[in-house]
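Protein chains in written order, with the working numbering: chain A, 58 to 188; chain B, 3 to 186.
Think of the hints as simulated: they come from the structure by calculation, not from any bench. Incorrect hints may appear among the rest.
As the list claims (entries may be wrong) - Pairwise CB distance ranges, derived in the manner of DEER restraints:
1. N114/A <-> I125/B: 12 to 22 Å
2. N92/A <-> N65/B: 40 to 50 Å
3. A138/A <-> T154/B: 45 to 55 Å
Claimed, not checked - The calculated lysine to any residue pairs, modelled on SDA-like cross-linking and capped at a C-alpha distance of 20 Å, are:
4. K36/B <-> D123/B
5. K108/A <-> D123/B
6. K32/B <-> H93/A
7. K108/A <-> T162/B
8. K94/B <-> K36/B
9. K61/B <-> S177/A
10. K93/B <-> T162/B
11. K36/B <-> S106/A
12. K52/B <-> A135/A
13. K52/B <-> T61/A
Since the structure is predicted, the reported quantities are computational estimates derived from the model, not experimental observations. In this text, a Cβ means the ideal position worked out from N, Cα and C, and glycines have one as well.
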Amino acid sequence: MEWTKKLAEYEAAPPLPSWNEIEKTLHQDGNSLYNHVVPPPTESWEAISTKLSTAENNLTPRALNWLRPFLRYAAMIAFLAIATATLVNHSFRNALIESIQGPGIKAALTDTPKILIKDSSNKIQVKQIPR
Amino acid sequence: MSSNHLPNDHDLIEGCILGNPVMQKNLYDKYAPKMYGICLRYAANSEDAKDILQDGFVKVFINLSKFKAMGSFEGWMRRIFVNTAIELYRKKNQLYAISENQEENIPNQDISALDELEAEDIIRLISELPNGYRTVFNLFAVEGYSHKEIATMMKISEGTSKSQYARAKAWLQEKIGNRNQDKV
Chain A
58 MEWTKKLAEY EAAPPLPSWN EIEKTLHQDG NSLYNHVVPP PTESWEAIST
108 KLSTAENNLT PRALNWLRPF LRYAAMIAFL AIATATLVNH SFRNALIESI
158 QGPGIKAALT DTPKILIKDS SNKIQVKQIP R
Chain B
3 MSSNHLPNDH DLIEGCILGN PVMQKNLYDK YAPKMYGICL RYAANSEDAK
53 DILQDGFVKV FINLSKFKAM GSFEGWMRRI FVNTAIELYR KKNQLYAISE
103 NQEENIPNQD ISALDELEAE DIIRLISELP NGYRTVFNLF AVEGYSHKEI
153 ATMMKISEGT SKSQYARAKA WLQEKIGNRN QDKV
């Protein structure tokens, strides 16, 4: 008969379940995956303790955290102070003049009044002005 | 110690922030079964689930001082475990975007076939899902995140999230169908 043939076909290859059915099962009370509970493996706590102590040892002590910005600014101020002191230091200034060796700049930077003159070969000469 | 004598969440959190190992163990005992349930849903195998459980709890203990008691503590922990699972997924896999219109091609015949399907069976089926499908399926169908939120969390497009979910649905339907066929 027709219906036995259909039944046999259905039993041989039942159609896929509808998604609504699956969703209903997912949200059934007492079968909710959201609150599903499974006992954890026994060795997990030991592994967590070990990992936790390793992680804590690698962290910077929290007490020092507030000090960080202060230390950063202190280092910046110290650097600026040293740099300024070095630049205005007299010996550094002289060393700078010597290193430049340019007669014009040297004359301009030294305290004694001097004038610049060109000789016959067009070289610049520094001549001290008598006081 | 019976569960009735366990300290409440507030005391557990304070104890853990102070680094009290007894409180840490108590917090673990209280929440590990539920969190392991989450880990199993997101992991492809029990080894990955164990890794997510361990890394998740280490993150929880380290970041406990950042927990603001505005919302549920369990919800906060759950988010940490879900994010840890996503991180593990990112390390191991890449998502492959598929065409969005495949969502429309999913067969949707009517048959009631899930009467005997238990949570364990569903978890087993979910764990067999390909990685990308599984993560998106869990986030959307179980945790209740929107595709937009999933896209942000997983750094994928919203379309990819939708298509991964559609694929997961089709895959699960087929598997459940096969399972029922085996029983006939």
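For each hint, the structure was consulted:
The hinted range of 12 to 22 Å is not satisfied by N114/A and I125/B, whose Cβ atoms lie roughly 36 Å apart. For the pair N92/A and N65/B, the beta carbons lie near 24 Å from each other, so the given range of 40 to 50 Å is not met. With their beta carbons about 48 Å apart, A138/A and T154/B fall inside the hinted range of 45 to 55 Å. Restraint check for K36/B and D123/B: the C-alpha separation of about 17 Å stays at or below 20 Å, so the hint holds.
The straight-line distance between the Cα atoms of K108/A and D123/B is roughly 32 Å, outside the 20 Å bound, and the hint therefore fails. Only pairs whose Cα atoms come within 20 Å are accepted, and K32/B paired with H93/A is accepted, the gap being roughly 14 Å. Taking the CA atoms of K108/A and T162/B, the gap is about 35 Å. The hint is violated against a cut of 20 Å. The suggested pairing of K94/B with K36/B is violated, with an alpha-carbon distance near 24 Å, which exceeds 20 Å.
In summary, the hint linking K61/B to S177/A is not supported, as the alpha carbons are separated by about 83 Å, beyond the 20 Å threshold. Our distance criterion of 20 Å between C-alpha atoms is met by K93/B and T162/B, whose separation comes to about 18 Å. For the proposed pair K36/B and S106/A, the alpha carbon gap of about 19 Å is at most 20 Å, so the pair holds. For a cut-off of 20 Å, the pair hint linking K52/B to A135/A is broken: about 51 Å separates their Cα positions.
Restraint check: the Cα-Cα separation between K52/B and T61/A comes to about 51 Å, which exceeds 20 Å; the hinted pair is violated.
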